[in-house]
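Novice: With the hints as your guide, set chains B and C onto chain A.
Spelled out, the chains give:
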Amino acid sequence: MPIPQPWTLGALAQACDARLEGDGSLPIRGVGTLEGAQPGDITFLTNPLYRHLLAQTRATAVILGVTEQQATTLPRLVSSNPYLCYARVAQSLFPPKEKPPGVHPSAVIAASAQVAPTAAIGPNVTLGENVRVGEHCIIEAGCVLGDEVQLGAAVHLYPRVVIYDQCVIGARCILHAGVVIGADGFGMARGPEGWVKIPQVGRVLVGADVEIGANTTVDRGAIEDTVIEEGVKLDNQIQVAHNCRIGARTVIAGCTGISGSTHIGRDCRIGGGVGLVGHLQICDGVTVSGFSLITKSITEAGVYTSSIPSQPHRVWMETLANLRALPKWIKTLKALEREWHNRKENSV
Amino acid sequence: MPIPQPWTLGALAQACDARLEGDGSLPIRGVGTLEGAQPGDITFLTNPLYRHLLAQTRATAVILGVTEQQATTLPRLVSSNPYLCYARVAQSLFPPKEKPPGVHPSAVIAASAQVAPTAAIGPNVTLGENVRVGEHCIIEAGCVLGDEVQLGAAVHLYPRVVIYDQCVIGARCILHAGVVIGADGFGMARGPEGWVKIPQVGRVLVGADVEIGANTTVDRGAIEDTVIEEGVKLDNQIQVAHNCRIGARTVIAGCTGISGSTHIGRDCRIGGGVGLVGHLQICDGVTVSGFSLITKSITEAGVYTSSIPSQPHRVWMETLANLRALPKWIKTLKALEREWHNRKENSV
Amino acid sequence: MPIPQPWTLGALAQACDARLEGDGSLPIRGVGTLEGAQPGDITFLTNPLYRHLLAQTRATAVILGVTEQQATTLPRLVSSNPYLCYARVAQSLFPPKEKPPGVHPSAVIAASAQVAPTAAIGPNVTLGENVRVGEHCIIEAGCVLGDEVQLGAAVHLYPRVVIYDQCVIGARCILHAGVVIGADGFGMARGPEGWVKIPQVGRVLVGADVEIGANTTVDRGAIEDTVIEEGVKLDNQIQVAHNCRIGARTVIAGCTGISGSTHIGRDCRIGGGVGLVGHLQICDGVTVSGFSLITKSITEAGVYTSSIPSQPHRVWMETLANLRALPKWIKTLKALEREWHNRKENSV
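Protein chains in written order, with my numbering: chain A, 1 to 348; chain B, 1 to 348; chain C, 1 to 348.
It is possible that part of the hints are untrue.
[To be verified] The calculated label-pair distances, taken between Cβ atoms and stated as ranges, are: (1) L53/A to A321/B: 28 to 36 Å; (2) L49/C to P2/B: 35 to 43 Å; (3) H341/A to L323/C: 25 to 33 Å; (4) Q5/A to T287/B: 44 to 52 Å.
Hints were generated in silico from the structure; no laboratory data involved. Note that the Cβ used here is the ideal one computed from N, Cα and C, for glycine as well.
Isolated chain A, as found in the complex (with noise of 0.2 Å):
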């Protein structure tokens, strides 16, 4: 754990809008959970089922709801959100690093390239022609952003993000290492001696608050751009292809793939391991649980699922079995239906 900023238990409570109940005066150091909290942490109490674990805890502080304020006697931040009030805790204790600004004497940039001076650009990062860069950006190591890209302020690259051409990046994004924005869609034509590429000359636009996760790629558009709106948060290793957009909020989780032109709403929750078929139209609200396959446009809020929970392989193994036989089963039931009803006509 890093070494957090000092604070007190009051001075926290209004950090993250909560009410303080006991020693405002306590210093906090730390952040920990139920089980191992340490004494000078804060810890917190979300989902009733621990509340149990609040008995033992060795912290000195809780964050709770109001209906559990009275769980406990330790003193105590109580909110009627008390997972954000965690966030705000947590950002207060553990503020972003701050890197000191300035260009690293091995970082390799175009003449042409705007830097705000307040910009943190770190060892062997490139950038090329025609780049702009916003106040407070951090660029760590290894970062290659292409020609004519734009960052937003306060943008963080962990290292080894790659942005192509022309993308852009909204303030206060966070893309973390191995991120590529902006490679080629998979387009091409089949011609007669095989596949002919068709150049991409869409960009990717990204909006502001959104954060994208290690190895996480996002395509150009073949024609148009590939849009991420605003406050969008992607995990590590998903796959966004060409002339997609994702709406504002939407979060997704690791490992899911999007296929070209599929548009998502706002505010939508995909699962990790999801497929999404290209040129869908995914309305705002939507849920998606983690693999699961969505092969037809969605038109009302709600949860989607095709998810098969596991079980022993012989049990499963019968049950794909039977599944395979279903239409051997549904032609006796059919033939004994029409015997039946035959018969009963017969026997009036």
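Specialist: Chains B and C only, in chain A's frame:
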């Protein structure tokens, strides 16, 4: 969109081998979709579903098929394969960006490496011993090529491609950012105290005109080589395990994983998110639907599928419960059938 | 194939603890498959299905099991575990490539970093404050290690590995190109105006003798650490989310995703393309078939499966339609059963 080369409609007709209808002297300054095109752009119609958009398009010219040639009075290029025609038009307007030949001073090149004088080696590139780089290659910033790697002519490596020792990349290949070629295959033997690594001493051989998407990985062979034949197109985040062979002109969409020693034929089309288990032989001309699993060799061309589209969560949970309950229902059906036949016999 | 070290068959027998049959003075110059081996190579037979290939092999010597020892008259190494024997023979012939110790002048090393004198630091490597690099480590070109990262002895980082601040890598680990260790876990709380990031202040701890495949990502813990125990082997493009623990000697194949806080036991074997949802406990000795989904904790060793092999598309579409129609068929069956029993009662 990058700035296109100046062309006239007539010159484009020649470039894509299409029949010109209308004024060949019109300048074409860009491309656009039917809905997004601006005056000066050329657009295309390949799917009759979008024919109604022709009436409103602001494009200066249209590429379309022989059967659609009367669907507009705009200047047009008529082709038996309008999508291929569009590919060639877009290639004419947007030729690959050229990089000035030469080696960036920050590149680290082994003394024994041979770099063709027309090749362009970007910042912070590392080339190992005896690497050979062909004419007109472009190696962008941060690429690392191990010892004895060979690149044919006009290969384009985007930033941060890694190629391990001894791998061979054919002419005109395009490898996108984050691609890793030739990492060790997943080979180990169980010993009394844990797993013992099996040295992976094969190479990866990539044929000519292959394109490999961002963050895709192709492992080196355990003993013999992993082979990607000419004209193969791999999308992003694909995993190709050791000793695989992928036949010429096969295309594979993103997030697909191919297990060790599986051989895929020529002219196959593998969807996204597909899994192929190891040691399979897939014949030429096979199509696999996205999100399907291939567990057996395939000897006949055709389409293969096991993907399950999602449903509203409650409906799917019922479907799943029914699937799990099949043994019970089949037992009920069998009993009913037996009783019925007993009764019939008795009543005769 | 790299150039092997010179060995005699007799020396190899000792190195892999096998019984020698035949001339121990024969020089062995390489390895080959039964079909591909050349004179001078040693090959191996581990699967009796391939026994017939022994007759034609051109190999100079063969590794095989006790039960197969009479299947050839070639010089041979007889072992109770011929695959393990092959692993050790191949390790003898192809020892890991050595890199001369020292720091490449282009590397950027913080003044407070401690690098063992026998370590080899390649071009354009970046080491942060207080990094510690053990004896005989190899850090290849373009790797980036954040502040306070610790590498045990003889760790091998292939090019472009990124390790975030404070993560710890055990002795003899091998991390392949593009691996990202310690990126932020996917943690956020919903606030009134969007998602609020939860600082991820845990680390990643990787035990000794772990191998991690190309482009695999392991996220740092939210509060406590993400842990990969000793001897674990991870294939390419695996995603391990925050707070996971993977038990000793567990092996996981490519493209698998493990959601947050899931703990996997020791000596498990997880197939490729598998999904595990979050907060599960998987006991020791569990095998998960490729492309399966685990949604519940597992308390008993064994094989677990939910993968569905593909069928010809038309057959699969019928299977799927039958699956969807199950409620209708079950209703029909129930009605028939009810009528049948009513009739029986009436007819008594």
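Novice: Given the hint of 28 to 36 Å, check if L53/A and A321/B actually sit that far apart at their C-beta atoms.
Specialist: 34 Å, holds
Novice: Hint says 44 to 52 Å; check whether the CB-CB distance for Q5/A and T287/B agrees.
Specialist: Violated, at about 57 Å.
Novice: Taking the beta carbons of H341/A and L323/C, is their distance inside 25 to 33 Å?
Specialist: 26 Å, holds
Novice: Taking 35 to 43 Å as the hint, is the beta-carbon distance of L49/C and P2/B inside that range?
Specialist: The hint (35 to 43 Å, Cβ to Cβ) is violated, given that L49/C and P2/B are roughly 55 Å apart.
Taken one by one, the earlier hints fail for this structure at numbers 2 and 4, listed in ascending order.
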